[in-house]
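Chemist: Same order as they appear, the protein sequences are chains A and B.
Heads up, the first sequence is in this note's numbering, so the first residue is 221 and it goes up one at a time.
Heads up, the second sequence is in this note's numbering, so the first residue is 502 and it goes up one at a time.
Treat the hints with care, as some may be off.
Cross-link-like lysine-lysine pairs, in silico, DSBU-like; alpha carbons within 35 Å at most [to be verified]:
#: 1; chain 1: A; residue 1: LYS269; chain 2: A; residue 2: LYS465
#: 2; chain 1: A; residue 1: LYS273; chain 2: A; residue 2: LYS336
#: 3; chain 1: A; residue 1: LYS248; chain 2: A; residue 2: LYS324
#: 4; chain 1: B; residue 1: LYS530; chain 2: A; residue 2: LYS465
#: 5; chain 1: A; residue 1: LYS471; chain 2: A; residue 2: LYS254
#: 6; chain 1: A; residue 1: LYS430; chain 2: B; residue 2: LYS564
#: 7; chain 1: B; residue 1: LYS581; chain 2: B; residue 2: LYS564
#: 8; chain 1: A; residue 1: LYS336; chain 2: B; residue 2: LYS530
#: 9; chain 1: A; residue 1: LYS421; chain 2: B; residue 2: LYS583
#: 10; chain 1: A; residue 1: LYS465; chain 2: A; residue 2: LYS421
#: 11; chain 1: A; residue 1: LYS465; chain 2: B; residue 2: LYS560
#: 12; chain 1: B; residue 1: LYS564; chain 2: A; residue 2: LYS471
#: 13; chain 1: B; residue 1: LYS530; chain 2: A; residue 2: LYS419
#: 14; chain 1: B; residue 1: LYS560; chain 2: A; residue 2: LYS273
#: 15; chain 1: A; residue 1: LYS240; chain 2: A; residue 2: LYS328
#: 16; chain 1: A; residue 1: LYS421; chain 2: B; residue 2: LYS564
#: 17; chain 1: B; residue 1: LYS583; chain 2: A; residue 2: LYS471
#: 18; chain 1: A; residue 1: LYS430; chain 2: A; residue 2: LYS324
#: 19; chain 1: A; residue 1: LYS419; chain 2: A; residue 2: LYS316
#: 20; chain 1: A; residue 1: LYS357; chain 2: A; residue 2: LYS336
#: 21; chain 1: A; residue 1: LYS240; chain 2: A; residue 2: LYS252
#: 22; chain 1: B; residue 1: LYS530; chain 2: A; residue 2: LYS421
#: 23; chain 1: A; residue 1: LYS357; chain 2: B; residue 2: LYS583
#: 24; chain 1: B; residue 1: LYS583; chain 2: B; residue 2: LYS564
#: 25; chain 1: A; residue 1: LYS471; chain 2: A; residue 2: LYS328
#: 26; chain 1: A; residue 1: LYS419; chain 2: B; residue 2: LYS564
#: 27; chain 1: A; residue 1: LYS316; chain 2: A; residue 2: LYS269
#: 28; chain 1: B; residue 1: LYS560; chain 2: A; residue 2: LYS430
#: 29; chain 1: A; residue 1: LYS419; chain 2: B; residue 2: LYS560
#: 30; chain 1: A; residue 1: LYS269; chain 2: A; residue 2: LYS248
#: 31; chain 1: A; residue 1: LYS316; chain 2: A; residue 2: LYS471
#: 32; chain 1: B; residue 1: LYS560; chain 2: A; residue 2: LYS421
#: 33; chain 1: A; residue 1: LYS465; chain 2: B; residue 2: LYS583
#: 34; chain 1: A; residue 1: LYS471; chain 2: A; residue 2: LYS229
#: 35; chain 1: B; residue 1: LYS530; chain 2: A; residue 2: LYS357
#: 36; chain 1: A; residue 1: LYS248; chain 2: B; residue 2: LYS583
#: 37; chain 1: B; residue 1: LYS581; chain 2: A; residue 2: LYS421
Keep in mind that the hints were calculated from the coordinates and are not lab data.
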Amino acid sequence: MYLLLVNPKAGNHRYRRIEKTFINLLDKQGVKYKIILLDDLSNTQDLLKQNIKSDTTGIVAVGGNGTVNVVIDALVNYSDLPLGIIPISNTNRLAKTLGVANWKAGIKALNHPEIKHLRLGRIGERYFAGSLIVSPKRNVLTNIFTRQNRLKNFIGANIKQIHKEENQVASSIGIDNHLTIHCQLNAMTIYFQDEFGKKMKVHLTTLSNKQPQDSILRANQINIESSLNMPILCGNEVVASTPAKIQAVSKTLSVLAAPSLVKPALKSAV
Amino acid sequence: MVKDRKDFADSNNLDTLIGRGVVAEGILKSEGDVQINGQFTGEIILSGDLIVGEHAEIKAIIKAMNIYVAGEVEGTIDAKEKLEILETGRVNGNVTSQALSIEPGGILKGSSEMQEVSEDQPTAKPTFEVEEEKTE
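Work the whole structure out from these sequences, hints included.
Modeler: Put into structure tokens, the structure is as follows:
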């Protein structure tokens, strides 16, 4: 039986609007489930303790990036239970990487899921999966202003107000306590790539003579300090801010992904 | 394994890339290929190749498989296989390598020591049977 942790506030209270169709689709798919409403995300750990029983086969986060991040953090102590995601908002990054484009696809994926394992990292006292983005506040705002919006285009308000060259912050990045990087940081993305062992891959975009320059580094531990505090985003949700310590941990999280699009016949041919 | 020049700056093959305008200091250890286009001070120890970009400024002790220098390097260089100083490259320090190549325009200020190419040696040791002399 799946334990569905539903955040009713996610996606501008979208769950309340789709509740009937949502439950109908779950029943139609023949999925066994129990719904728990997360009115306060800080209680997630306690709710899991109370509701995980011997017949629980998986935990499903129903909500946006914030809900997923909180459930991942709470689920670390239950390594035998996989995590499913039913995205309620349209910007759920982790769900998209698991092949779950919307909430209907999320429900369908519960039926015949493909189990994948995601490596976990730690930022401060919190665990995370997927990727982190560290970027100046101005940069985050610019992204919001420049996002394509038909209404803004129509009324002529979709104008970039902040110059790109201003979107940099003097930063010092410690890599595994033996290498220090000093740069004018425009954006930093941190993610796991198994190709090079268990280290995190760090992609830096810096500005040199107003031209963006890329840097790539590998690290087990990153200490970042900056002249201005920068938000650290996990799936569009701010989870911390600089200065911060980010670590790769040896734990992995089992996740329920949508069945692979590659047909079995093709798979065997490969 | 010697790389062609077309492989330079191919970020897909790189383990580490330090971009232009970035200042790094400390010890850089890597199993893969590394390209430095910014400034570096310290020690570089690589199992793969090191590519020093045209705008790079390095003050370091360097150990790597193959080293290609198109920027400025000050310090000791130990290339296990090949050291190539390109036309814009400038090396100030002592270098050790199996093979050394300096393009016209490239500068080396310092001593150069060439390592002998180690020939394949049999790994198994020959065995000898020693007959003991019988004393009657």
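Chemist: Hints broken by the structure, by number, lowest first?
Modeler: 14, 17, 18, 23, 33 and 36
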